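Novice: From first to last, the protein sequence lines are chains A, B and C.
Reminder that position 140 of the first sequence reads as 140 in the numbering used here, one-by-one numbering, no gaps.
Counting from 1 along the second sequence, just add 476 to a position and that's the residue number in the numbering used here.
Counting from 1 along the third sequence, just add 569 to a position and that's the residue number in the numbering used here.
Heads up, some of the hints might be wrong.
In silico contact screen, one side only, chain C against chain A (beta carbon under 10 Å); selected entries [to be verified]: (1) M769; (2) D800; (3) Y908; (4) S913.
No lab work stands behind these hints, which were simulated from the structure alone.
All of these numbers come straight from a predicted model, not from anything done at the bench.
Backbone N, C-alpha and C define an ideal beta-carbon position, used for all residues, glycine too.
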Amino acid sequence: MWESVIGLEIHVQLNTKSKIFSPASTNFGAPQNTQACAIDLGMPGVLPVLNEEAVIMAIKFGIAVGSEILDNSIFARKNYFYPDLPKGYQISQYEIPIVSGGAMEIIINGKSKIIHLTRAHLEEDAGKSIHDLYPNESAIDLNRAGTPLIEIVSEPEMENAEEAVQYLKNIHSLVRYLGISDGNMQEGSFRCDANISLKKKGSTTLGTRAEIKNINSFKYVESAINHEIERQAAILDRGDSVVQETRLYDPSKDETRSMRSKVEANDYRYFPDPDLLPVSISQELIEEIKSNMPELPSAKKTRFINQYGLSEYDTIILVSDRELSEYFENILKDSDLNPKMTANWIITEVLALAKKTYLSVKDYPVSSEDLKYLLSNVTNETISSKQAKDVFERMWDNKENPRDIIENEGMKQISDVDELNKIVDNIIKNNYKSVEEYQSGKDKLLGFFVGQVMKETQGQGNPKIINQLLKEKLKK
Amino acid sequence: MNKETIIKISDLAKIDIKDDQIDDILTSLEKILNLVDEMNSVNTDNVTPMSHPLNLKQELRKDIVGASDERELFQKNNIHTDNGYYIVPKIID
Amino acid sequence: MHNKTVSELKKYLEEKKISSVELTKHFVDRIKAIDPHLNSFISLTEEYAITQAKKIDLEISKGKIRPLAGIPLAQKDIFCTKGLKTTCGSKMLENFISPYNATVVEKLNDAGMVIIGKTNMDEFAMGSSNETSYFGDVKNPWDIEYVPGGSSGGSAASVAARLIPCSTGTDTGGSIRQPASLTGVCGIKPTYGRVSRYGMIAFASSLDQAGIFTRTAEDCAILLTHISGYDPKDSTSSRKDVPDYEKECKQKFTSMTIGIPIEFLDGLDNTVKEVFEESIKVLEKNGCKFKKISLKSSKLGVSAYQVVAPAECSSNLSRFDGVRFGHRADNTKNIDDLYKKSRSEGFGQEVKRRILIGTYALSAGYYDAYYLKAQKIRKVISNEFAEAFKEVDLILGPTAPDCAFKIGEKSNDPIAMYLSDVFTVSTNLAGLPAMSLPMGFKNHLPLGLQIIGNHFDEAKILSLAHHYQKITDWHTKKPKLSGD
């Protein structure tokens, strides 16, 4: 009966070295308030000066999503009091953002959908209020205050949590491809607000929306949206109406709740910041940035399919993460490895272990070089893929060197046909009953024979040759 | 402008106004607004608003870290700090 | 020694006729003797000054002479001075020790000047009489029952009383020129962007501009050269080259066409009008051509100003929340209580009034009618000036509609107070440079002559002012002071 309409506002911390309006460092994890300079603290008399790199990064993003880059974008002040907002206003772009429009494609179950962007604008992050350090007081750390952000605002074009998550993942992947953010969700470098409303099926009028603030994982986005949809549907089913409000998703309880402090209608009194001037962006600068753009996910996807003959499914997985796609290509570089086989290995073996150990590509214990060595040994049939999997696990778990493992343990695939012939003959001789059954049509028994030979060779026999020999010899 | 407006804006501005002051403030703000309303004697329909006296463009800063840790110096102006944190009454969201 | 100008003191110091330490002590002693009657200083920085002076003397003895080596200076208490109290005339910052220097402070320190004290001012520069200061009224040296004007009342009064040869000021709607007029000294407000605003506690960011008080136009020129120039810390400062204003203003005077706005004379006080017309005559005899011009929207300057300035101040003053610095109320129940109590206790009545008006002007539903409208009026005023400057080199008028008024006379009437800036605010709205210099008296109280120039035409203004001071002697008149 209800259709949900979802729009996302994504806050992406840009990985500049210094803050958006001050020369203080943006490094994460410094002791409290040691990276908040006079400007970040809003000391009397200080003034903001815009960081060039933040502007360039915003333009990069705009180019990547096909937006219009606006000349003369304006910084405004958003006025409200909060202890982690030192000046009593946040410098943000309001009427004229730097990036306008744009689009992002999402693919779900093979179906493509375009999500349009409204805008992306530059702004400064606030500091942090810590409420659980003291019994009756809150502690304020302003190290984060002034960290550059782009806020990416989508049109309300997503219909369910799955689409929203896919869109979010694509933006996440994109900002990492562009190298403009580390996208670290645990550290808050990438977080989102979701606007959710329900409307009658088929209706074009939007319902009243609720905004869920500061969701910082893909999983939470999914459950927060689903819960909010359920909550609103229940209200509407009762015949009541949804209240426009800001809600907070509580992952520990898996529910959204109203934020009391934000209930009072806020009047932010936006006005152009008189300390900052319109940002002029020349066509030359845009062209220069365009000519230095890295390969983006969509282009890489097409290239992977054409160049490596991979399936679309495999490609999407590999390309979703810039570093993973680079890991894949590093393995193939200067080698004769089969791209499909390499892709399969990454998708099945590598990603399985990565998931189990919660590691991202940059923290993989197995370098692309070592994996290349291992896979080459499979390709030239020095070791079997079964052996390779065992070796790989040891490489991953204990950071062992694949050369050492293979050599020290004398791991070698037996591909010598004479040697294998003898073993196969023996097996056939000792299992005449099974031979008869096989010859009378029980093809499945081939596996039994292969297993016996492998057992005899302690797993080192070349399965391809064994298969071949068995099939020949078992013929009547 | 009325009393409710005064209460609303004083809350936005975080200025405490005692009940017995509201009338005085209302009167003086209304006088100022009367003065301000003289602006309406000029038609400005086709005028672009001016936020800056000079027609300048924003200068950009190179992305260089140029501030060191001066926490101790900055916090000398504040006795309500602990372990490098600024301390405020507990905030309940 | 205290009757010497900056340019004279410069020679004395360079020729080692006096040391910087001697000069510093002379002015410190004079301030201690006379200022109790005037209250033009919020703090004396004696110890700091002596240390600086010793350093300068040592440099001079080694032959290293900075351009303004050893000249005593008073800084308006709106400029952040590292390690020194910077109060902005407010209880809010009563105990605030600035952790850094304003660019203006840094520049004048580098030029070798010695800061002797921080001058009194209207709280957060909001006022035209110096009566809103938390640290008490400043008295006009010509008659201590009268106000010195504001907001830079302390800076003006201290120069007028020869407590200091020069001082800094800031001008948002007339805060340098109006007190200069009321105390009989020279005060220049340069073009917006000529001087860095970094470290100058903001009142209305798009209007605020730092400037100088001295007794002569020549001295104004000397100091202005040193505070001007692009500052990478202030995005709104201009990259335009800084001329040597002293050299420029002393060049042979060439004829100028000067505009007199008819609106400035309309309904003007008779004495002010007579004195002003007398100065026109003098200049007419000495190579200036005069021309009547019209700045018909300039009378709306005060209205537009009363929106723009409070709107910007309401936001600029939000940082005074009791959390990181400044006054913090005791025994607060919650964060909202902390904000409201700290701000209500820390700010005076006029500051609160402007914050409220500004908050209102920016609030939803009123933004277009007030803030946007004011920014449009601003454009109209600015365009009228631009048109005028196509025909004239400079514009001349009285600085203020009248001489100084009595302390207490207008303090309960904000509108009357605001109207004392009627001739000065429109130049701030348009970002133009302007200067006030003494042109005579009404009874025993001084009157100021305002010269307005086109953007970055400070040299022209100073040239006319210097020329005027060569043919008149109003700038040499001294007030009689108790304790002198």
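Novice: Take the hints in turn and mark each one as holding or not.
Specialist: Now for the hints, and whether the structure bears them out:
1. At its closest, the beta carbon of M769 (chain C) sits 6 Å from a beta carbon of chain A; the interface hint therefore holds under the 10 Å criterion.
2. A distance limit of 10 Å between C-beta atoms decides the matter here; for D800 (chain C) the minimum to chain A is near 9 Å, and the interface restraint holds.
3. Interface hint at Y908 (chain C): satisfied, since its Cβ lies 6 Å from the closest Cβ of chain A, which is below the 10 Å cut-off.
4. Given hint, S913 (chain C) at the interface with chain A, is violated; its Cβ is 14 Å from that chain's nearest Cβ, farther than 10 Å.
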